[in-house]
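As you go down the protein sequences, you meet chains A and B in turn.
Offset between the first sequence (1-based) and the numbering used here: plus 9.
Offset between the second sequence (1-based) and the numbering used here: plus 9.
Everything labelled a hint here was simulated from the structure, so no lab data went into it.
Treat the hints with caution; some may be incorrect.
A pair holds if it fits inside one copy or across any two, identical chains being indistinguishable in the list.
EDC-like, lysine to aspartate or glutamate: derived pairs with alpha carbons at most 20 Å apart [said to hold, decoys possible]:
no.	residue 1	residue 2
1	LYS152	GLU234
2	LYS17	ASP77
3	LYS26	GLU168
4	LYS17	ASP98
5	LYS198	GLU234
6	LYS59	GLU170
7	LYS40	GLU209
8	LYS176	GLU201
9	LYS40	GLU234
10	LYS25	GLU75
11	LYS152	GLU209
12	LYS152	ASP120
13	LYS198	GLU72
14	LYS197	GLU209
There are 2 protein chains.
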Amino acid sequence: MFSKAQIKYIQSLQHKKYRQKFGQFVAEGDKIVQELLQGSYGVKAVYATKAWLEAHGNVTGIEVLEVDEAGLKQISSLSTPNQAVALVDIPTLPPPVLKGNITLALEAIRDPGNMGTIIRIADWFGIRQIICSPDCVDAYNAKTIQATMGSIMRVPVIEMELPALLKTPGQIASYAATLYGHNIVDTKKLSEGIILIGNESRGLSEEIVQLSSHQITIPRIGQAESLNAAVATGIICGRLLI
Amino acid sequence: MFSKAQIKYIQSLQHKKYRQKFGQFVAEGDKIVQELLQGSYGVKAVYATKAWLEAHGNVTGIEVLEVDEAGLKQISSLSTPNQAVALVDIPTLPPPVLKGNITLALEAIRDPGNMGTIIRIADWFGIRQIICSPDCVDAYNAKTIQATMGSIMRVPVIEMELPALLKTPGQIASYAATLYGHNIVDTKKLSEGIILIGNESRGLSEEIVQLSSHQITIPRIGQAESLNAAVATGIICGRLLI
Numbered sequence: 010m011f012s013k014a015q016i017k018y019i020q021s022l023q024h025k026k027y028r029q030k031f032g033q034f035v036a037e038g039d040k041i042v043q044e045l046l047q048g049s050y051g052v053k054a055v056y057a058t059k060a061w062l063e064a065h066g067n068v069t070g071i072e073v074l075e076v077d078e079a080g081l082k083q084i085s086s087l088s089t090p091n092q093a094v095a096l097v098d099i100p101t102l103p104p105p106v107l108k109g110n111i112t113l114a115l116e117a118i119r120d121p122g123n124m125g126t127i128i129r130i131a132d133w134f135g136i137r138q139i140i141c142s143p144d145c146v147d148a149y150n151a152k153t154i155q156a157t158m159g160s161i162m163r164v165p166v167i168e169m170e171l172p173a174l175l176k177t178p179g180q181i182a183s184y185a186a187t188l189y190g191h192n193i194v195d196t197k198k199l200s201e202g203i204i205l206i207g208n209e210s211r212g213l214s215e216e217i218v219q220l221s222s223h224q225i226t227i228p229r230i231g232q233a234e235s236l237n238a239a240v241a242t243g244i245i246c247g248r249l250l251i
Numbered sequence: 010m011f012s013k014a015q016i017k018y019i020q021s022l023q024h025k026k027y028r029q030k031f032g033q034f035v036a037e038g039d040k041i042v043q044e045l046l047q048g049s050y051g052v053k054a055v056y057a058t059k060a061w062l063e064a065h066g067n068v069t070g071i072e073v074l075e076v077d078e079a080g081l082k083q084i085s086s087l088s089t090p091n092q093a094v095a096l097v098d099i100p101t102l103p104p105p106v107l108k109g110n111i112t113l114a115l116e117a118i119r120d121p122g123n124m125g126t127i128i129r130i131a132d133w134f135g136i137r138q139i140i141c142s143p144d145c146v147d148a149y150n151a152k153t154i155q156a157t158m159g160s161i162m163r164v165p166v167i168e169m170e171l172p173a174l175l176k177t178p179g180q181i182a183s184y185a186a187t188l189y190g191h192n193i194v195d196t197k198k199l200s201e202g203i204i205l206i207g208n209e210s211r212g213l214s215e216e217i218v219q220l221s222s223h224q225i226t227i228p229r230i231g232q233a234e235s236l237n238a239a240v241a242t243g244i245i246c247g248r249l250l251i
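With these hints in hand, go ahead and build the complete structure from the sequences.
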């Protein structure tokens, strides 16, 4: 079982402030913990049920603790019960390299599920890096981590002010997703550039649209008022990157 | 306040069995209730807070009940508190018309959020109808309804066995989304056809793939194992319908 101090520490990592302070995050769920153990991230501890450890727990060099489901529930931030939880070091990420790469830049994405799904989309399409505005939901939120399905390990997510990104010297084209831009059907396949996606309700801010070199739009045939932010990201990647 | 019988009745509508028995569903949330009141669906009752009714409650011909937030919580199936709830008749839908239309067919989509997001995508792309296999999550689930953002009123969702659909006489082409089909980049824009999307974890069953006339695939550049079912639907519509 957990000590009180362990529970307190792990629960503190539900908050971005403490994740940043301690440089660690918590990943919850059978599959993501398996993926983390096979990946390049620094996994510091695994807390799992006896059954899970018997099936997957051939783990050396890290702290491994057998915990029953009630114990896991004590440290979980998710509503669905989990068999395994990992304590992982937040990696030190290299600065973004815009030249020659596709970069996805997100402004004020607030829903952890959307954020995780977008990271997974970026991984599918081979996007080199994601830049998040500081008011995005944190990529190391437990719900986000779970929704990435392991893609968090393959796509660096870097926090940065978007105006500073767009004012970076050099001629990197940027493509702002708006409701009144150039039809994506007529936009050429990209080999370099920044794709800008905005908040779930408000879209991109006027400041960011003004700073972008291109505005692009998914044409609407029917009547839906808008598309989910992750779905829009997928559609745009599906037109501009393949 | 609600009577005990009202609470019992409304709560029963959280289950598909009772929705089918009584022919009604419950929609929760400020925006969706507003949209329903302006749309063509038969709204039978609105239960809302005083503030909501003052702002939007210019409603005649239906039952309107002022309820405080605690009262709304008693009948809610969602975790986020709502200002308004509507009791709505499930519409009688016409049989699907495949000839000359785009149809989206879903097999075993289980997540209500995905289902609602897919209905919203269909509405954006002007898809005429959605066919769901009987093991899909119900379109009139409160979470699904909320995720459609009102699109449920514009896209008929019809439950039907998919093999029967695909064996319907006539030459309607069908396009099964798989991991080993024809590249969607090389697939022509469609003006008629059935797009088939499978379960979140397993994809389409072998039976359905065998019955389809075409298999299509979103090419993967990176390493993600799969895409979210709603995102995949969006990407395919973004290549084949615009």
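For each hint, the structure was consulted:
Only between protomers do LYS152 and GLU234 lie at most 20 Å apart by alpha-carbon distance; the minimum there is 18 Å, versus 27 Å within a single protomer. Proximity of LYS17 and ASP77 under a CA criterion of 20 Å is satisfied intra-copy only: 18 Å inside one chain copy versus 36 Å between copies. Proximity of LYS26 to GLU168 under the C-alpha cut-off of 20 Å is restricted to the intra-copy arrangement: shortest distance 14 Å within a copy versus 47 Å between copies. When the C-alpha separation of LYS17 and ASP98 is checked against a cutoff of 20 Å, the pair qualifies only within one copy, where the shortest distance is 17 Å, while the shortest distance between copies is 49 Å.
Proximity of LYS198 to GLU234 under the C-alpha cut-off of 20 Å is found in neither arrangement, the shortest distances being 27 Å within a copy and 23 Å between copies. Neither within a single protomer nor between protomers do LYS59 and GLU170 lie at most 20 Å apart by alpha-carbon distance, with minima of 44 Å and 41 Å respectively. Only between protomers do LYS40 and GLU209 lie at most 20 Å apart by alpha-carbon distance; the minimum there is 15 Å, versus 28 Å within a single protomer. When the C-alpha separation of LYS176 and GLU201 is checked against a cutoff of 20 Å, the pair qualifies only within one copy, where the shortest distance is 16 Å, while the shortest distance between copies is 45 Å.
Taking the shortest Cα distances, LYS40 and GLU234 sit within 20 Å of each other only across copies (12 Å), while inside one copy they are farther apart (35 Å). In this assembly of identical chains, the alpha carbons of LYS25 and GLU75 never lie at most 20 Å apart, being 27 Å within a copy and 39 Å across copies at closest. Taking the shortest alpha-carbon separations for LYS152 and GLU209, both the intra-copy value of 17 Å and the inter-copy value of 17 Å come in at or below 20 Å. Taking CA atoms no more than 20 Å apart as the test, LYS152 paired with ASP120 passes in both settings, with 9 Å inside one copy and 16 Å between copies.
Proximity of LYS198 and GLU72 under a CA criterion of 20 Å is satisfied in neither setting, with 47 Å inside one chain copy and 54 Å between copies. In the homo-oligomer, the alpha carbons of LYS197 and GLU209 never lie at most 20 Å apart, since the shortest distance is 26 Å inside one protomer and 31 Å across protomers.
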